[in-house]
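Visitor: Residues per chain are reported as follows:
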Amino acid sequence: MVLSDVQSLLQCEVFSGIKFLDRRVMYGCASDLMSDVLAFSQSGALLLTGLVNLQTIQTAHIAELNGIIIVRGKKPDQRVIDSANAKGIPLLGTPYSMYEACGILYRAGIPSTMKCVEPSASSTTTHE
Amino acid sequence: MTVGHEETFSHTFTIRGKDFLAAGRVSTEIKGMLKELGIDAAFIRRVAIACYEAEMNVVMYANDATVTLSVTPRLIRITVDDRGPGIPDVGLAMQEGYSTATHEMREMGFGAGMGLPNIKKNSDEFTIESTVGKGTLLRIAVNIG
Chain A
782 MVLSDVQSLL QCEVFSGIKF LDRRVMYGCA SDLMSDVLAF SQSGALLLTG LVNLQTIQTA
842 HIAELNGIII VRGKKPDQRV IDSANAKGIP LLGTPYSMYE ACGILYRAGI PSTMKCVEPS
902 ASSTTTHE
Chain B
125 MTVGHEETFS HTFTIRGKDF LAAGRVSTEI KGMLKELGID AAFIRRVAIA CYEAEMNVVM
185 YANDATVTLS VTPRLIRITV DDRGPGIPDV GLAMQEGYST ATHEMREMGF GAGMGLPNIK
245 KNSDEFTIES TVGKGTLLRI AVNIG
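One line per chain: the protein sequences are A and B, in this order. Under the working numbering, read the first sequence as residues 782 to 909, first letter to last. Under the working numbering, read the second sequence as residues 125 to 269, first letter to last.
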């Protein structure tokens, strides 16, 4: 899958990096905490976030992410768009919520980049 | 820019506290320099992440800091020497999730108590010395050879 596929799946508006929409999307991650993105993401991941500021762009640049999808229909201001353009980072916006956007991409086959805890069968608790 | 056999490349930068608009500029410069030196991308990413977290700490908490980058064929070393409030309990600050951040810092996506643990995770050598009322000296290194 490439970014332009993500664009159609999530009905995205493109704020910057239209010439990079042929970039491959290998993994996704979603967070509003940039430290968590820095701690748990892999290079080449696509970031879904509701945080739209200069630090979002900076984090994507430092962590070598392939692009940013802003969720919940939020609009970046011009300074943020200029920074994304300067750093060559595709910045897209979707009207979907974080939960819906992640679900759509996960169902389309994009796995998670964040390896926080290895789930194990014994850790599942059921209440009766 | 080249790094010869035993040659050391070094450069000094300044970070200003509370300058949120410029936050990340030094890390970006360091990342660019390491790229020009032909360092492997995986090492650059670790250094850049550690450096960016350290830079955000300075911007959020300190008055200013001097950052020194030095590169030998075997090692990338970064020191961040800040003048600021210092850290009263370094052990506590090293715990994931412990934070004294304000609402404003959290709104930027930082201050969740992951900064110092994240810096340590991306470094092969990590030392931190802090004096309350004076500042904090962070030294990290990543082995590349």
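Among these hints, one or two may not hold up.
Anything over 12 Å on all C-beta distances counts as not near chain B; from chain A, calculated [as the list claims (entries may be wrong)]: (1) Val783; (2) Ser785; (3) Gly831; (4) Glu845; (5) Arg860; (6) Gly884.
DEER-style ranges, computed between Cβ atoms [said to hold, decoys possible]: (7) B:Leu199 - A:Gln792: 32 to 40 Å; (8) B:Ala146 - A:Phe801: 32 to 40 Å; (9) A:Ala867 - B:Glu228: 48 to 56 Å.
Since the hints were made in silico from the structure, they are not lab data. Cβ coordinates follow ideal geometry from the N, Cα and C atoms, glycine included.
Visitor: Decide, hint by hint, whether the structure agrees.
Guide: Hints, one by one, checked against the model:
With 12 Å as the threshold on Cβ separation, the claim that A:Val783 sits away from chain B holds: the shortest Cβ distance comes to roughly 21 Å. No Cβ of chain B comes within 12 Å of the Cβ of A:Ser785; the nearest lies about 25 Å off, and the non-interface call holds. A cut-off of 12 Å between C-beta atoms contradicts the statement that A:Gly831 is not in contact with chain B; the least separation is 10 Å. Distance to chain B contradicts A:Glu845 as a non-interface residue, since its nearest Cβ pair spans about 6 Å, not more than 12 Å.
For A:Arg860, the requirement that its beta carbon stay farther than 12 Å from each beta carbon of chain B is not met, with the minimum near 8 Å. Non-interface call for A:Gly884 relative to chain B: holds, since the shortest CB-CB distance, roughly 23 Å, exceeds 12 Å. In this structure the supplied range 32 to 40 Å is violated for B:Leu199 paired with A:Gln792, their Cβ-Cβ distance being about 48 Å. Checked against the given bound of 32 to 40 Å, the beta carbons of B:Ala146 and A:Phe801, roughly 26 Å apart, lie outside it.
For the pair A:Ala867 and B:Glu228, the beta carbons lie near 25 Å from each other, so the given range of 48 to 56 Å is not met.
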